[in-house]
Amino acid sequence: MTDNQEKFPQTLVELSGFIARNQDKLLKHAFFRLGNKEEAEDIVQEVMIRIYQQRESKKHVGAPVSYVFRMVYNSCIDHLRKKATAGFEKINGKDVHEGIDLSNRESEIIAREEFQRINKLLGSIPEEQAEVLRLRIIDEMSFVDIAETMKLPVTTIKSRFTYGINKLRTTINHQEEKTYELH
Amino acid sequence: MNCIEVNEKMAELFDNNVSQELKAECEAHFAECTDCKKLFDEMSVVMEELKPRAKIKAGKELQDRIIAQAIKSDNPYQTRRIRILPILSPAWKKVTAVAALLLILFILFPLFNHTGWLQNKASAANSILGRSILAMTGIKTVYMEYNVRTSENENFDYIDINAGFMPYKLWKVFDPSKWRIEKPGRTVVMDGKNQYLYADGPSGFALVGDANAGLVGWMKILLDPGKILQTEKDVAVRNDAKYKVVEKGNDLILTVIAKAMGDFRNDYALNTSIPESNNRRVYTFDKTTNLLKSLEIFIESGKKEIMVLQLTTLKYDEPIADNKFVIELPANIKWVQLEKMINDKNTGLPGVSGEEAAKIFFEAWQKQDWKTVDQLMPGFLNSADVEQVKLEFGGLTIVSIGKFFKSGQYPGEFVPYEVKLKSGKIKKMNLALRNDNKDKKWIVDGGF
Numbered sequence: 001m002t003d004n005q006e007k008f009p010q011t012l013v014e015l016s017g018f019i020a021r022n023q024d025k026l027l028k029h030a031f032f033r034l035g036n037k038e039e040a041e042d043i044v045q046e047v048m049i050r051i052y053q054q055r056e057s058k059k060h061v062g063a064p065v066s067y068v069f070r071m072v073y074n075s076c077i078d079h080l081r082k083k084a085t086a087g088f089e090k091i092n093g094k095d096v097h098e099g100i101d102l103s104n105r106e107s108e109i110i111a112r113e114e115f116q117r118i119n120k121l122l123g124s125i126p127e128e129q130a131e132v133l134r135l136r137i138i139d140e141m142s143f144v145d146i147a148e149t150m151k152l153p154v155t156t157i158k159s160r161f162t163y164g165i166n167k168l169r170t171t172i173n174h175q176e177e178k179t180y181e182l183h
Numbered sequence: 001m002n003c004i005e006v007n008e009k010m011a012e013l014f015d016n017n018v019s020q021e022l023k024a025e026c027e028a029h030f031a032e033c034t035d036c037k038k039l040f041d042e043m044s045v046v047m048e049e050l051k052p053r054a055k056i057k058a059g060k061e062l063q064d065r066i067i068a069q070a071i072k073s074d075n076p077y078q079t080r081r082i083r084i085l086p087i088l089s090p091a092w093k094k095v096t097a098v099a100a101l102l103l104i105l106f107i108l109f110p111l112f113n114h115t116g117w118l119q120n121k122a123s124a125a126n127s128i129l130g131r132s133i134l135a136m137t138g139i140k141t142v143y144m145e146y147n148v149r150t151s152e153n154e155n156f157d158y159i160d161i162n163a164g165f166m167p168y169k170l171w172k173v174f175d176p177s178k179w180r181i182e183k184p185g186r187t188v189v190m191d192g193k194n195q196y197l198y199a200d201g202p203s204g205f206a207l208v209g210d211a212n213a214g215l216v217g218w219m220k221i222l223l224d225p226g227k228i229l230q231t232e233k234d235v236a237v238r239n240d241a242k243y244k245v246v247e248k249g250n251d252l253i254l255t256v257i258a259k260a261m262g263d264f265r266n267d268y269a270l271n272t273s274i275p276e277s278n279n280r281r282v283y284t285f286d287k288t289t290n291l292l293k294s295l296e297i298f299i300e301s302g303k304k305e306i307m308v309l310q311l312t313t314l315k316y317d318e319p320i321a322d323n324k325f326v327i328e329l330p331a332n333i334k335w336v337q338l339e340k341m342i343n344d345k346n347t348g349l350p351g352v353s354g355e356e357a358a359k360i361f362f363e364a365w366q367k368q369d370w371k372t373v374d375q376l377m378p379g380f381l382n383s384a385d386v387e388q389v390k391l392e393f394g395g396l397t398i399v400s401i402g403k404f405f406k407s408g409q410y411p412g413e414f415v416p417y418e419v420k421l422k423s424g425k426i427k428k429m430n431l432a433l434r435n436d437n438k439d440k441k442w443i444v445d446g447g448f
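If you read the protein sequences in the order shown, they are chains A and B.
Counting from 1, one number per residue, gives the positions in the first sequence under this note's numbering.
Counting from 1, one number per residue, gives the positions in the second sequence under this note's numbering.
Heads up, a few of these hints could be off.
Cross-link-like lysine-lysine pairs, in silico, DSBU-like; alpha carbons within 35 Å at most [unchecked claim]:
| id | chain 1 | residue 1 | chain 2 | residue 2 |
| --- | --- | --- | --- | --- |
| 1 | B | 334 | A | 82 |
| 2 | B | 425 | A | 120 |
| 3 | A | 82 | B | 293 |
| 4 | B | 334 | B | 293 |
| 5 | B | 334 | B | 259 |
| 6 | A | 59 | B | 57 |
| 7 | B | 23 | B | 51 |
| 8 | B | 304 | B | 287 |
| 9 | A | 151 | A | 83 |
| 10 | B | 37 | A | 7 |
| 11 | A | 7 | A | 25 |
| 12 | A | 59 | B | 55 |
| 13 | A | 25 | B | 57 |
| 14 | B | 303 | A | 59 |
| 15 | B | 169 | B | 304 |
| 16 | B | 303 | A | 58 |
| 17 | A | 120 | B | 303 |
| 18 | B | 304 | A | 58 |
| 19 | A | 25 | B | 38 |
| 20 | A | 7 | B | 23 |
| 21 | A | 151 | B | 51 |
| 22 | B | 37 | A | 58 |
| 23 | B | 51 | A | 58 |
| 24 | B | 51 | A | 83 |
| 25 | B | 259 | A | 58 |
| 26 | B | 169 | A | 7 |
| 27 | A | 25 | B | 303 |
| 28 | A | 120 | B | 23 |
| 29 | A | 7 | B | 304 |
| 30 | A | 59 | B | 23 |
| 31 | B | 23 | A | 25 |
| 32 | A | 25 | B | 287 |
| 33 | B | 287 | A | 7 |
| 34 | B | 403 | A | 151 |
| 35 | B | 57 | B | 403 |
| 36 | B | 293 | B | 169 |
| 37 | A | 82 | B | 438 |
| 38 | A | 167 | B | 38 |
| 39 | A | 151 | B | 425 |
| 40 | A | 58 | B | 57 |
Quick caveat, the hints were computed from the structure, so don't treat them as lab data.
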């Protein structure tokens, strides 16, 4: 189902369907910002409850999935800010994984490693470029949707994408050369 | 396209909805320009590097958790506390009285003396709130008689639209707050300190809870008028209930049309209580005093409406004897402390799924392992007809145990089962289990 076919859930049955169709991508989005599945689930849960409580006033929201995505996106940013203020983590993602309890579950450990690997790469470029790359590559959003989510012009998004990816291209090439030298 | 043009458009090649035309033009250029092709390939490598190799998938429990919380947000009366009588309850419903709902409405609905339909505009009735509080603060006692379509020995708020009417009685003293509600087979009393529930009949049992015991259900909130009013306003704002008030002579007739609240992906619990039904509630108030005179509640079933509750007698300020708020138990029944029973280390089964708990429960009946039966259905060994029940159900054979489902506002799970009794009788029902206690222990709540 595309966002055009979705409507803002008005009943528990509709909410249930909405969750089933969208929870994976929302959770993925939150996880690759927070690096912790429990925190990511909490954010998705809070947002879903909020949209259900606001269902009456949001009845006419045109693209509910994008709308909810933005809510999760903003909640993650708020969450990271709060943590940064509390002195636990840095916003730029470089140290986000520090101090997080690792779950014993194998799948979550793999996911956490992926989070750390990707964040390590993205940590070498400015955060505003990293954010565009996350939304485009991890969340598979189009440039238009990213622009809408970040409230920026599409041209800015495209240039941040290009700058970010070019910087990483150099980094990755450099890493590959180093690896080659070791052999 | 030349190199500069291709470089300008390069980002678009990595967009979700890149046009086929642009793609073809760039590919044509790449065929001739190795530098641009190299740049594109390297950018593609970065894209691949940044793709997560692990799939993030939400578990089913996340959805359940959200739905459970959404239900709770719909119904602030619902608490996480155990408030169900776990003992030999023939069905699974909560121990909350229909009369409790009646009390809410009795106290609150003088608020809505507007004319015309109001939807989600409870706050508009603010000016009426003061009047109704004043009206209520002047009242010392209330006595009600009303009929409800339900079954004997069932929980107070249980509705069965196919059953006949059962008589209910309610006594309420306002200062200090005490109340008593009776229906065939069950009585609840609040004496100012504790709540007591006594179920008579062959499966008799008696439970007592402290001031915060789950037995109170909605009551505790309802008996604090300020809190009730605020809570009810919040409920009205959140729910799609419609209100209409019409003046007729010296009466104000309020009609409330409310939708069923709960999770009805499985409609097993639909129409089993007033909140879990699409219903119409019609109240008549005295225009001068703002006090309730009559009440009728109808449940929508298919294309017809069925009356499920009718107030027949209502008296204000009649003297109520103090012994009305005391329950005398027969000699063979003892009060069981609900909290103590729930928190007992031998009560409930933690660390398994609801379905597993159901299986263990029926296996215990099969093996006549009464200790395990009592563990999962606390109070069983203290019930009046324990020996008779042992005889009838002991040694049963499990035919099947199905997959659990949730329904309505019930905080636990229903597990479908089929068992064959020694008598040859087949029992096919849904076992109700809940683990919304601090140790997440499964307790059989009913359906057996």
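Tested hints:
For the suggested pair residue 334 (chain B) and residue 82 (chain A), the alpha carbons sit about 54 Å apart, so the restraint of at most 35 Å is broken. Straight-line distance between C-alpha atoms of residue 425 (chain B) and residue 120 (chain A) comes to about 66 Å, which puts the hinted pair past the 35 Å bound. Distance hint between residue 82 (chain A) and residue 293 (chain B) is unfulfilled; the C-alpha atoms sit about 54 Å from each other, more than 35 Å. Note on residue 334 (chain B) and residue 293 (chain B): the hinted pairing is violated, with a Cα-Cα distance of about 39 Å set against a maximum of 35 Å.
Using a Cα cut-off of 35 Å, the hinted pair residue 334 (chain B) and residue 259 (chain B) is violated, with the two alpha carbons roughly 41 Å apart. For the proposed pair residue 59 (chain A) and residue 57 (chain B), the alpha carbon gap of about 28 Å is at most 35 Å, so the pair holds. Straight-line distance between C-alpha atoms of residue 23 (chain B) and residue 51 (chain B) comes to about 22 Å, which keeps the hinted pair within the 35 Å bound. Taking the CA atoms of residue 304 (chain B) and residue 287 (chain B), the gap is about 31 Å. The hint holds against a cut of 35 Å.
Between the alpha carbons of residue 151 (chain A) and residue 83 (chain A) the distance comes to roughly 24 Å, so the proposed pair stays at or under 35 Å and holds. For the given pair, residue 37 (chain B) sits about 43 Å from residue 7 (chain A) by alpha-carbon distance, which is inconsistent with the 35 Å threshold. A distance of roughly 17 Å separates the Cα atoms of residue 7 (chain A) and residue 25 (chain A); the hinted pair therefore holds under the 35 Å criterion. Distance restraint check for residue 59 (chain A) and residue 55 (chain B): the Cα-Cα separation of roughly 32 Å lies within the 35 Å cut-off, and the hinted pair is therefore satisfied.
For the hint linking residue 25 (chain A) to residue 57 (chain B), the alpha-carbon distance of about 8 Å falls within 35 Å, and the restraint holds. Between residue 303 (chain B) and residue 59 (chain A) the alpha-carbon distance is near 27 Å, which keeps this suggested pair within the 35 Å criterion. Between residue 169 (chain B) and residue 304 (chain B) the CA atoms are separated by roughly 28 Å; this keeps the pair inside 35 Å, and the hint holds. A threshold of 35 Å between alpha carbons decides the hint, and for residue 303 (chain B) with residue 58 (chain A) the separation of about 31 Å falls inside it, so the pair holds.
As the CA atoms of residue 120 (chain A) and residue 303 (chain B) are separated by approximately 62 Å, the hinted pair breaks the 35 Å bound. With a C-alpha separation of about 32 Å, the suggested pair residue 304 (chain B) and residue 58 (chain A) falls inside the 35 Å cut-off, and the hint holds. Between residue 25 (chain A) and residue 38 (chain B), the direct Cα distance comes to roughly 32 Å. Compliance with the 35 Å bound is thereby established for this hinted pair. Simply put, residue 7 (chain A) and residue 23 (chain B) have alpha-carbon atoms about 33 Å apart, close enough for the 35 Å limit, and the pair holds.
For the given pair, residue 151 (chain A) sits about 24 Å from residue 51 (chain B) by alpha-carbon distance, which is consistent with the 35 Å threshold. With a CA separation close to 47 Å, the supplied pair residue 37 (chain B) and residue 58 (chain A) exceeds the 35 Å bound. Among the hinted pairs, residue 51 (chain B) with residue 58 (chain A) is consistent with the structure: their alpha-carbon atoms are about 33 Å apart, no more than 35 Å. Between the alpha carbons of residue 51 (chain B) and residue 83 (chain A) the distance comes to roughly 26 Å, so the proposed pair stays at or under 35 Å and holds.
In summary, the hint linking residue 259 (chain B) to residue 58 (chain A) is supported, as the alpha carbons are separated by about 19 Å, within the 35 Å threshold. For the hint pairing residue 169 (chain B) with residue 7 (chain A), the CA-to-CA distance comes to about 46 Å; that exceeds 35 Å, so the pair is violated. As the CA atoms of residue 25 (chain A) and residue 303 (chain B) are separated by approximately 41 Å, the hinted pair breaks the 35 Å bound. Distance hint between residue 120 (chain A) and residue 23 (chain B) is fulfilled; the C-alpha atoms sit about 31 Å from each other, no more than 35 Å.
For the suggested pair residue 7 (chain A) and residue 304 (chain B), the alpha carbons sit about 30 Å apart, so the restraint of at most 35 Å is met. Among the hinted pairs, residue 59 (chain A) with residue 23 (chain B) is inconsistent with the structure: their alpha-carbon atoms are about 39 Å apart, more than 35 Å. Restraint check: the Cα-Cα separation between residue 23 (chain B) and residue 25 (chain A) comes to about 27 Å, which is no more than 35 Å; the hinted pair holds. Distance hint between residue 25 (chain A) and residue 287 (chain B) is unfulfilled; the C-alpha atoms sit about 56 Å from each other, more than 35 Å.
Between residue 287 (chain B) and residue 7 (chain A) the CA atoms are separated by roughly 43 Å; this puts the pair beyond 35 Å, and the hint is violated. Proposed proximity of residue 403 (chain B) and residue 151 (chain A) is contradicted: the alpha carbons are some 46 Å apart, above 35 Å. In summary, the hint linking residue 57 (chain B) to residue 403 (chain B) is supported, as the alpha carbons are separated by about 22 Å, within the 35 Å threshold. Annotation: proposed proximity of residue 293 (chain B) to residue 169 (chain B) holds, straight-line Cα distance about 16 Å (limit 35 Å).
Restraint check for residue 82 (chain A) and residue 438 (chain B): satisfied, since their Cα atoms lie roughly 29 Å apart, inside the 35 Å limit. A distance of roughly 15 Å separates the Cα atoms of residue 167 (chain A) and residue 38 (chain B); the hinted pair therefore holds under the 35 Å criterion. Between residue 151 (chain A) and residue 425 (chain B) the alpha-carbon distance is near 67 Å, which puts this suggested pair outside the 35 Å criterion. Under the criterion of a C-alpha separation no larger than 35 Å, the hint pairing residue 58 (chain A) with residue 57 (chain B) is consistent with the structure, at around 27 Å.
This entry does not satisfy hints 1, 2, 3, 4, 5, 10, 17, 22, 26, 27, 30, 32, 33, 34, 39, going by the numbered hints stated previously.
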